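Given the coordinates of chain F, assemble chain D onto it according to the supplied hints.
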Amino acid sequence: MMPATSTATTLSPAELSYLHTSLTQTPPLRPDLRSSTEFRPLRAETDLLPTCNGSAHVSLTDGSEALVGIKAEVHRTAGANVTKRLDEEMREKMSLDEPSSTISAAAAAAGLDSNRKPRGHPDWISLNVDISTLRDDDALLIFLSEMLREPLLTTSTTTTTTTTTTTATRSSSLADMLVINSNWHWHLHIDILLLSPFTASGTSYPLPLLSLATHLALRSARLPKLKSQGEEDPLVDDDWESSLFLFPPPPTSARKPESSASGKAGPNEQHSIPPREAGRLLTMPPITLLVMTVNSNIIFDPSHSELAVADAVLAVSVSFSSDTTTHHHHHHHAQTPTLLAVRTIETPARDTMRGVPAAGEVVEGDLVPGVWRPRVGGVKREVLKRVVRAVLGASADDSGVAREVFDGLEAFLRS
Amino acid sequence: MGISILPPSDSDDDLGSGSPGSPSPSPHDSSSDTSMPDAASTSSSRRPGAGKRPKLSSSQRRRNRILVPGETITDEAQWMRGHGTFSAAAPSSSHASASAGATITATLPGPLHTTNKLLSITPLRSRYHPSIGDLVLGRIVSVDRARWRVDIAAPLLAQLPLSSINLPGGVLRRRTTADELQMRTYFQEGDLLVAEVQGVGNSDGVATLHTRSLRYGKLRNGVFVRVMGEGRGVGVVRGRRQVFTVATVAGSGSGSGSGEVDVALGVNGYCWVSRHVDPEADALEKEKAGKAKMAGAGSRVGMSISNLDELVSNEIYSSQNDEIDYRTRKEIARLCTCITLLADAALKIDEDTVIKAYSAAVEAEMEMMVDEDDEDAVAAAAAAGVDRKSELKKRIVQAVVGGG
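Protein sequences, first through last, are from chains F and D. Using the UniProt record's numbering, the first residue of the first sequence is number 1, and each one after it goes up by one. Using the UniProt record's numbering, the first residue of the second sequence is number 1, and each one after it goes up by one.
Please note that the accuracy of each hint is not assured.
A few chain F residues that don't get close to chain D, going by computed Cβ distances all over 12 Å [said to hold, decoys possible]:
id, residue
1, D32
2, E38
3, R40
4, P122
5, S126
6, D138
7, W184
8, H187
9, H189
10, L193
11, P208
12, A411
13, S415
Once the Cα atoms are required to be at most 20 Å apart in a straight line, the calculated SDA-like pairs of lysine to any residue come out as [to be verified]:
id, chain 1, residue 1, chain 2, residue 2
14, D, K117, D, E76
15, D, K389, F, K71
16, D, K330, F, D176
17, D, K330, F, L29
18, D, K330, F, P118
19, F, K71, F, D176
20, D, K389, F, D176
FYI, nobody ran anything at the bench for these hints, they're computed from the structure. Computed from a predicted model, the values in this text were never measured in an experiment. Glycine included, C-beta positions come from ideal geometry on N, C-alpha and C.
Extracted from the complex, chain F is given alone in its bound form:
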């Protein structure tokens, strides 16, 4: 009999009990002696696939690797012609002073306001996760790809207060950035290959690795420069050297690092941000962090065995944005994390075996210290609040884990 893929093996009740007790200590004592907010070191490289618009390869020391490739295609926007015609008709009718409620509603539904850039559509981003040993319709693949795709599509509305006006600025979502004109858009294919010894069905363990890899791939993704303008059919520049970053690197106060980074790709001006209206927020791709709680302890980046004793598992998605308004002299380009979503994930500790007490069987519900009892999940409101605070940072001095992760990613991309 072949051994089952040794990953599916559960931990023994004695191990679970030991691990759980270790993690409930103050400070939590993790098996690899990390602090509770410390991440495992990653190895990463970007732009490694020559035929992709952007790619990243990220690996963990436990043998998990993620390879992400991003491919962009020019697609015709579905229904663009129809809405255009409707728009024209509407204008004619407006000029004839015949308000037609039906047509204007249709035009509004199409999001085609003449003085605004058209909005993107969620279908323009397709994300696909592949794990070599799993079927394509495996629940884990669908779960992981939706967990990764969802934060990419959401938009966060931030209220920016400037000295002159208070405007509710809608930060552009990724889909909105793919608009070329009212007839054409870019379609992004994000393909993720995961190599991991821990891919038992239902585990959320690879989620942060995939999220960080996707983030890095998106940050390295470049779109060819458009030669066409306005409503012309898109014509792109063949010269890859002059391509533009989908997510332009945030400007630094010191100009030197940026110019050195761009030296490889070409002259500086190629890195200029694609035309965007001022006051719009410069967003960065979101990241999803996996956080687990054990009693009242909050633990970031749980390893596979730590996750097995979690009282509750939370996936926290965070986006980053910085204000690009430049009419103020005080530039602060610090990326401010914005919470996109907090999701609870069922803890793997639910499906574990109960421990056997030394003194024989006890009454159901009695707690014997040192004996493992499967967790039933659930998280207290107060703990949830503390998780969010730990991710986003409670005050100005305490920057929060999301910011630390972003700085880590930023430091890697600049190096």
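Relative to the frame of chain F, chain D by itself:
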């Protein structure tokens, strides 16, 4: 402490080959009594005097070269094929020349061994191959009728018959159907146990285990570490002491615990690091507790060698952990890290290297603690991208390789 993202590097490999006493030995050289010609000296340019000994003539026989599966080793008829090699059986076909029939190809990736005229390949890594008498750690995969299936990192699952375990209530008890029904109270899926290989099936190579000793049985109070089993002569060493106790720094202070930590290294690469339990003292204590409890219920015989077994085995199948203090837990975690790092650095794992690595890790922590007070040093280290773990690994390799 945030996240550190580093570009991919080969520093891990450099570490191994760069050190003076290279930790990755080449079994290829040590056991071969046939000298290999260098790349330059082909069969045509044999040195005089070396002609007596057989030599592989092909120019690709380079020192320490790793063969890949499918690669032709030799096509000379004088060689015999051993493990990890394959020779296409030459049928009595007229067109196949004699030399073509003798072609030996590699079927495993790894360096070539030559023993006189026998060519064999030791794989770079492989699963554990059980042999009788090995002390192994295993994890229960399934509970079958009157036996358990145990994962011991071998190509096939091992089996542990119900008749090969100590049952509570004495050694000489019959195995009844009632025992078969409550097998899960002894071992359930996921449980870890330490056992000995009692036999290996002749036809299929399935190992049969037994736990008929007080040293064997269910594992508690600790952490499981998995390192690579066999291959290249690294990993857990066979034939050394595999279960030993390490006196840790947790006991040196005023702590209540003894600070001693038990380490069990299974030949199959599964290891267990746990709080030290002295079986006799433990049994005495338990007996005392039992006596106190049933003081009124009647007299009990004292502990003797005849019923020691009985006293212990009542508790042997529980999965209840004892209370373990913070410092001991920390040292257990540190020992686990040491074992993992030893495996990462492709070093041998035995009592000697584990203890050396552990003391190096303790020393390193002391120094790093001093460093941490100095904020500039911490910032400099962070800027240089110095990762603590790789630093620790470097120190451990130095300690182990440098010392012996």
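Hints, verified against the model:
Separation of F:D32 from chain D is inadequate, the least Cβ-Cβ distance of about 6 Å not exceeding the 12 Å criterion. The beta carbon of F:E38 sits about 4 Å from the closest Cβ of chain D, which is not more than 12 Å, so the claim that it is off the interface is violated. With a least beta-carbon separation of about 8 Å from chain D, F:R40 fails to lie farther than 12 Å from that chain, contradicting its non-interface assignment. For F:P122, the non-interface assignment is confirmed: its Cβ lies about 29 Å from the closest Cβ of chain D, beyond the 12 Å cut-off.
At roughly 27 Å, the least C-beta separation between F:S126 and chain D is larger than 12 Å, which holds for a residue marked as non-interface. The Cβ of F:D138 lies farther than 12 Å from every Cβ of chain D, with a closest approach of about 22 Å, so its non-interface assignment holds. Look at F:W184: its CB is around 36 Å from the nearest CB on chain D, clear of 12 Å, so calling it non-interface holds up. F:H187, annotated as away from the interface, keeps every beta carbon of chain D farther than 12 Å; the closest lies near 29 Å.
Every Cβ of chain D is farther than 12 Å from the Cβ of F:H189; the closest lies at roughly 25 Å, confirming the non-interface assignment. Separation of F:L193 from chain D is adequate, the least Cβ-Cβ distance of about 16 Å exceeding the 12 Å criterion. A Cβ of chain D approaches the Cβ of F:P208 within 12 Å, the least distance being about 10 Å, so the stated non-interface status is violated. Distance check on F:A411: its Cβ comes as close as 7 Å (rounded) to a Cβ of chain D, failing to clear the 12 Å threshold; non-interface status is violated.
For F:S415, the requirement that its beta carbon stay farther than 12 Å from each beta carbon of chain D is not met, with the minimum near 7 Å. The straight-line distance between the Cα atoms of D:K117 and D:E76 is roughly 11 Å, inside the 20 Å bound, and the hint therefore holds. Between D:K389 and F:K71 the CA atoms are separated by roughly 36 Å; this puts the pair beyond 20 Å, and the hint is violated. For the hint pairing D:K330 with F:D176, the CA-to-CA distance comes to about 50 Å; that exceeds 20 Å, so the pair is violated.
With a C-alpha separation of about 7 Å, the suggested pairing of D:K330 with F:L29 holds against the 20 Å cut-off. With a CA separation close to 58 Å, the supplied pair D:K330 and F:P118 exceeds the 20 Å bound. Between F:K71 and F:D176 the CA atoms are separated by roughly 17 Å; this keeps the pair inside 20 Å, and the hint holds. Taking the CA atoms of D:K389 and F:D176, the gap is near 42 Å; set against the 20 Å cutoff, the hint is violated.
Hints 1, 2, 3, 11, 12, 13, 15, 16, 18, 20 from the earlier list are contradicted by this structure; the remaining hints agree with it.
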